[in-house]
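Visitor: So you can see what is in the structure, the chains are spelled out below.
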Amino acid sequence: MWEYTDELKEHFFNPRNVGEVENPDGVGEVGSLACGDALKLTFKLDENGRIKDAQFKTFGCASAIATSSVLTEMIKGKTLEEAAKVTNKDIADYLGGLPEQKMHCSVMGREALEAAIENYRSGGKKKHELEGRVVCNCFGVTENEIERVIKENNLTTVEEVTNYCKAGGGCGGCQGDIEKIIEKIQGDKIEELPAAAPRRPGKLTNIQKIQLIQQTINEQIRPALRAHGGNIELIDVEDDKVIVAFRGMCSQCMLAEYTMKDLVQAKLKEFVSDTLFVEEDKDSASEPHEHRG
Amino acid sequence: METVYFDNNATTKVAEEVLEEMKPLFCDLYGNPSSMHTFGGQLGCKIRKAREQAATLLGCEPTEVIFTSGGTESDNTAIKGSLAAVPNRRKVITTRVEHPAVLAACRDLENHGYTVIELSVDKEGRLDLAELEDKLDDDTALVTIMYANNETGVVFPVDKIAEVVTGRGIVFHTDAVQAVGKIPLNLAKSNIDLLSLSGHKLHAPKGVGILYVRKGTRLAPFMVGGHQEAGRRAGTENVPGIVGIGKACELAAQNLEEENNKVKLLRDKLENTLLQMCPGSRLNGDRENRLPNTSNLSFEYIEGEAILLMLDKFGICASSGSACTSGSLEPSHVLRAMGVPFTSAHGSVRFSLSRYNTEAEVDYVIEKMPPIINKLRELSPFVTK
Numbered sequence: 041m042w043e044y045t046d047e048l049k050e051h052f053f054n055p056r057n058v059g060e061v062e063n064p065d066g067v068g069e070v071g072s073l074a075c076g077d078a079l080k081l082t083f084k085l086d087e088n089g090r091i092k093d094a095q096f097k098t099f100g101c102a103s104a105i106a107t108s109s110v111l112t113e114m115i116k117g118k119t120l121e122e123a124a125k126v127t128n129k130d131i132a133d134y135l136g137g138l139p140e141q142k143m144h145c146s147v148m149g150r151e152a153l154e155a156a157i158e159n160y161r162s163g164g165k166k167k168h169e170l171e172g173r174v175v176c177n178c179f180g181v182t183e184n185e186i187e188r189v190i191k192e193n194n195l196t197t198v199e200e201v202t203n204y205c206k207a208g209g210g211c212g213g214c215q216g217d218i219e220k221i222i223e224k225i226q227g228d229k230i231e232e233l234p235a236a237a238p239r240r241p242g243k244l245t246n247i248q249k250i251q252l253i254q255q256t257i258n259e260q261i262r263p264a265l266r267a268h269g270g271n272i273e274l275i276d277v278e279d280d281k282v283i284v285a286f287r288g289m290c291s292q293c294m295l296a297e298y299t300m301k302d303l304v305q306a307k308l309k310e311f312v313s314d315t316l317f318v319e320e321d322k323d324s325a326s327e328p329h330e331h332r333g
Numbered sequence: 004m005e006t007v008y009f010d011n012n013a014t015t016k017v018a019e020e021v022l023e024e025m026k027p028l029f030c031d032l033y034g035n036p037s038s039m040h041t042f043g044g045q046l047g048c049k050i051r052k053a054r055e056q057a058a059t060l061l062g063c064e065p066t067e068v069i070f071t072s073g074g075t076e077s078d079n080t081a082i083k084g085s086l087a088a089v090p091n092r093r094k095v096i097t098t099r100v101e102h103p104a105v106l107a108a109c110r111d112l113e114n115h116g117y118t119v120i121e122l123s124v125d126k127e128g129r130l131d132l133a134e135l136e137d138k139l140d141d142d143t144a145l146v147t148i149m150y151a152n153n154e155t156g157v158v159f160p161v162d163k164i165a166e167v168v169t170g171r172g173i174v175f176h177t178d179a180v181q182a183v184g185k186i187p188l189n190l191a192k193s194n195i196d197l198l199s200l201s202g203h204k205l206h207a208p209k210g211v212g213i214l215y216v217r218k219g220t221r222l223a224p225f226m227v228g229g230h231q232e233a234g235r236r237a238g239t240e241n242v243p244g245i246v247g248i249g250k251a252c253e254l255a256a257q258n259l260e261e262e263n264n265k266v267k268l269l270r271d272k273l274e275n276t277l278l279q280m281c282p283g284s285r286l287n288g289d290r291e292n293r294l295p296n297t298s299n300l301s302f303e304y305i306e307g308e309a310i311l312l313m314l315d316k317f318g319i320c321a322s323s324g325s326a327c328t329s330g331s332l333e334p335s336h337v338l339r340a341m342g343v344p345f346t347s348a349h350g351s352v353r354f355s356l357s358r359y360n361t362e363a364e365v366d367y368v369i370e371k372m373p374p375i376i377n378k379l380r381e382l383s384p385f386v387t388k
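Read top to bottom, the protein sequences are chains A and B. Taking the working numbering, the leading residue of the first sequence gets 41, the next gets one more, and so forth. Taking the working numbering, the leading residue of the second sequence gets 4, the next gets one more, and so forth.
Just chain B, with the same shape it has in the complex:
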């Protein structure tokens, strides 16, 4: 059975080109870039090249790129590191729909005397900028707001937010794990101070990420130890991972247009056809301001885990915000924050595509999905004919 992988917001396939770049770094060029000998030291150039590749994609300078172990470390470093640098301010503003890497880090701050404000979103998952402006004050140390939502794909007006926040002398961080490679970025022209990204959402391997730190942003190191990354992130460099994420950034820059055209066309075909063919279906999230690859659909009166299992039988990979898939008893915090009714929240399915997906795969899902929805609706006591 062929696998149809429509779960690219969870993780992505490592690009062949990325793997090729990484291969020699395991058994042949396995040195430590900090070493004095040529064998290890030569890897420094490879890391430099990766830093440049990442900087090109982000529209920033190479010195503003710090390599980390992934999105979670980047988020934690940004939040804890920037707060440590302004010890006299005790307020942090974030949103209710952040990824757990940000949300849990912020909630943990409450235990250390910080006040954390979680901004709400409307039915379409949009923020109210007036509410944000209202909450900014002299005690605010940091605002951390995601670029694009991992569950719904809704994109926040981050450049505008950064302008407002930094205009008040407050540090602005954005978790851009889902946005990088899907939305063009030019950090030199924006006011974003800190930006997190993750390799494995970008066709690089798991275990490597980047934290962009704008020149002049004060950041206390999160990992201390050796002097790697100019003393900003200790630990022997994950050379294969760094080389991999560099190559992945280069590919992402080349493929940005394709992501926005081909992938978006596939996503739209999938989404529009399913909404048309499946009774009781709806789209979750702002249709306009959305990642080109993500579609979060709800199917009323049926349950997401059951849908996923039936899709799985056909080799189709997707995910759901239903309570049952998480092992908790509550549906997704993002859908609840948006006020999605319980009739729909339990029956949500997220499809997230990548440039490796084909129209044939979209057609396959379009063929398999409606009978699954109909079968589960026949089982549901809430559906009356």
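Same shape as in the complex, but just chain A:
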């Protein structure tokens, strides 16, 4: 069971400002049914340009509803410039904190607010659109968005990024990509794990090499793919070329290419030999893929 604060429960059981403002000045819609939560925020300004009324409609869990409710409370009476300064952390703090895995609810609140302000500034024309390269296809999260949650919340691990914006929480194919974004932003802030330097074997016979490749796939690669409904099979080894096939969720995932390079190839280089490279055997990838969204 989640540990929710009393403030959160209060806003969940008695949400403020439910509904849609009539003739709104700004409308922000984010999230989707497939993603498991969605928020529609509407606001109206008074003659001084301050938010006179703000209302919300939310599909989602208790924390999604509670964060939407406090968001409307927080922005009322603010100018758009002031409102735009509200961060996801402010929203979470207002509720006395959120469980780590629910932080994405606060980010959704901030996104809806931005979308609504953007909509107002474009004269009601502009709807929220994804900007920048989409990194996580499962949940439609862009590089810009990921960079932003990393910066605003000082995140250093992929797991944290997933908690804050869901990216990486579906098929998991983009996790390598997210790691790179974290590295780019946080640089040396990332904790060096006390990982032993790769202890590579000396000269291997062909059979030893193939066995080691299989072992690396079993121990280092498959568990990561399995966590997200995917799988991998070793098809063949020709000199330094390792041929593998993706199964399950991975088999037709659009991000399989990243997984291939960032996970499979990297691990094989680390544990077996630097000279290895990986190719996908597309012919044997046959199982249907349930892609979402």
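Just so you know, these hints were derived from the structure itself, not from any lab. Hints should not be assumed to be uniformly reliable.
[Said to hold, decoys possible] Dumping the calculated DSS-like pairs for lysine-lysine here, alpha-carbon to alpha-carbon at most 25 Å:
id, chain 1, residue 1, chain 2, residue 2
1, A, K49, B, K316
2, B, K163, B, K218
3, B, K371, A, K49
4, B, K378, A, K322
5, B, K163, A, K49
6, A, K116, B, K378
7, B, K138, A, K322
[Stated by the list, open to error] From chain B, some residues computed to sit far from chain A (all C-beta separations above 12 Å):
id, residue
8, K16
9, N35
10, E127
11, L130
12, D141
13, E166
14, I186
15, T220
16, Q231
17, G238
18, E274
19, P344
20, S347
21, E362
22, Y367
23, E381
[To be verified] According to the in silico footprint, chain B covers these stretches of chain A (three or more CB under 8 Å from chain B):
id, segment
24, 50-57
25, 93-99
26, 205-219
27, 258-264
In this text, all values refer to a predicted model and were calculated from it rather than measured experimentally. A virtual CB, placed ideally from N, CA and C, is assigned to each residue, including glycine.
Position chain B relative to chain A; hints supplied.
Guide: Relative to the frame of chain A, chain B by itself:
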């Protein structure tokens, strides 16, 4: 506030009669049944009695009953133990909707060179037996298919499956954790080789379970150590737990009819009324072939965790297959395997009843549930009036 406990597929109340049988075994009769002295040795009879009680419920011989620490251990023992006994076969067949105790154990086998086939289910959660037959071959070591699904209550035609599988000389295991005590079993007449059950789903305490091993089934021990359970499961017997599960089996045999009549009537009243009163609701799973106590309902455009929290405020205990309740971002693997659309999968609620539930409790939930659904639908941006 009274608790209305409609989450019996998660765990059940220990029956008073079971507790009474167990009580003397903690501070008075606390001996070790393996001891040479009478004080410990006398407990052997109690274990024998429990084995007989379990055998009666299952329709098997007492020697075919092994006591374990629970459903998960029984499943792991059955899967790993039977594979170890046929080292030359490398294929295992299971389904996409198994309990994690089976699914994770099977997926782990892939790391050890096994091929694992997960059979799919249709929209109602049913298996295609032709697909299963198609996959059986000389390399298949084990087929493990659950008796009844914990989330939807859908019952698979396990006796038929066992006949097909064992007819090909392949070992068949079934995780019957949810079925035992709700469906009459007669293992002597079936072809099931291995069957797992768990005490705490059956009004016995947590921490005790049973693995049925048909005579002649080759099984390598999973836990090694002492010679307990005829060398098939090492470790000092959990005497209170074993005595408890024995009594619970006896009670289950007595109450089977009640489970199928009274509990089913309550479940049907709850389910039919809610489906009627709540807009955008639907039933998940095969209406016909289903456990008498389970109802898995989806409410469109709203989210399960929010429903559970509102029910919780009224003391009503249920569970959900929504993503948010699990801490993962994906809804239940069972509902996804059934192709339940995202509009419904996130808003699923499972009610699971027991013989301890009353009609008054059903009426209470019927009174509280529709306003909760309406309130959340008012909040939902996807519901248009």
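Visitor: Evaluate each hint against the coordinates.
Guide: Going through the hints against the structure:
1. Our distance criterion of 25 Å between C-alpha atoms is met by K49/A and K316/B, whose separation comes to about 10 Å.
2. At roughly 20 Å between alpha-carbon atoms, K163/B and K218/B fall within 25 Å of each other, so this suggested pair holds.
3. About 18 Å separates the Cα atoms of K371/B and K49/A, which keeps this hinted pair within 25 Å; it holds.
4. Restraint check for K378/B and K322/A: not satisfied, since their Cα atoms lie roughly 49 Å apart, outside the 25 Å limit.
5. This hinted pair does not check out: K163/B and K49/A have alpha carbons roughly 49 Å apart, beyond 25 Å.
6. Between K116/A and K378/B, the direct Cα distance comes to roughly 24 Å. Compliance with the 25 Å bound is thereby established for this hinted pair.
7. For the suggested pair K138/B and K322/A, the alpha carbons sit about 23 Å apart, so the restraint of at most 25 Å is met.
8. Every beta carbon of chain A lies more than 12 Å from that of K16/B, the smallest distance being close to 19 Å; the non-interface claim holds.
9. Once the 12 Å rule is applied to beta carbons, N35/B is consistent with being away from chain A; the minimum gap is 38 Å.
10. Even its closest Cβ contact with chain A, about 18 Å, leaves E127/B beyond 12 Å, as expected for a residue assigned away from the interface.
11. For L130/B, the condition that its CB be more than 12 Å from all CB atoms of chain A holds, with the nearest at approximately 17 Å.
12. Residue placement check: D141/B keeps its beta carbon more than 12 Å from all beta carbons of chain A (closest about 21 Å).
13. Residue-level check passed: E166/B sits 28 Å from the nearest beta carbon of chain A, beyond 12 Å.
14. Annotated as non-interface, I186/B keeps its C-beta farther than 12 Å from every C-beta of chain A; the closest such distance is 31 Å.
15. Non-interface call for T220/B relative to chain A: holds, since the shortest CB-CB distance, roughly 29 Å, exceeds 12 Å.
16. For Q231/B, the condition that its CB be more than 12 Å from all CB atoms of chain A holds, with the nearest at approximately 33 Å.
17. Distance check for G238/B against chain A: the nearest CB is about 29 Å away, which clears 12 Å, and the non-interface claim stands.
18. Listed as a non-interface residue, E274/B keeps its Cβ farther than 12 Å from every Cβ of chain A; the least gap is roughly 24 Å.
19. Distance to chain A contradicts P344/B as a non-interface residue, since its nearest Cβ pair spans about 8 Å, not more than 12 Å.
20. Distance to chain A contradicts S347/B as a non-interface residue, since its nearest Cβ pair spans about 9 Å, not more than 12 Å.
21. Every Cβ of chain A is farther than 12 Å from the Cβ of E362/B; the closest lies at roughly 28 Å, confirming the non-interface assignment.
22. Listed as a non-interface residue, Y367/B keeps its Cβ farther than 12 Å from every Cβ of chain A; the least gap is roughly 19 Å.
23. A Cβ of chain A approaches the Cβ of E381/B within 12 Å, the least distance being about 7 Å, so the stated non-interface status is violated.
24. Here the segment 50-57 of chain A counts 3 residues with a CB under 8 Å from a CB of chain B, which clears the bar of 3, and the coverage holds.
25. For the segment 93-99 of chain A, the stated coverage by chain B is satisfied: 3 residues place a CB nearer than 8 Å to a CB of that chain, which reaches the threshold of 3.
26. Look at the segment 205-219 of chain A against chain B: 3 of its residues bring a Cβ nearer than 8 Å to a Cβ of that chain, three or more, so the hint holds.
27. Under a criterion of three residues with beta carbons nearer than 8 Å to beta carbons of chain B, the stated coverage of the segment 258-264 of chain A is upheld, 4 such residues being counted.
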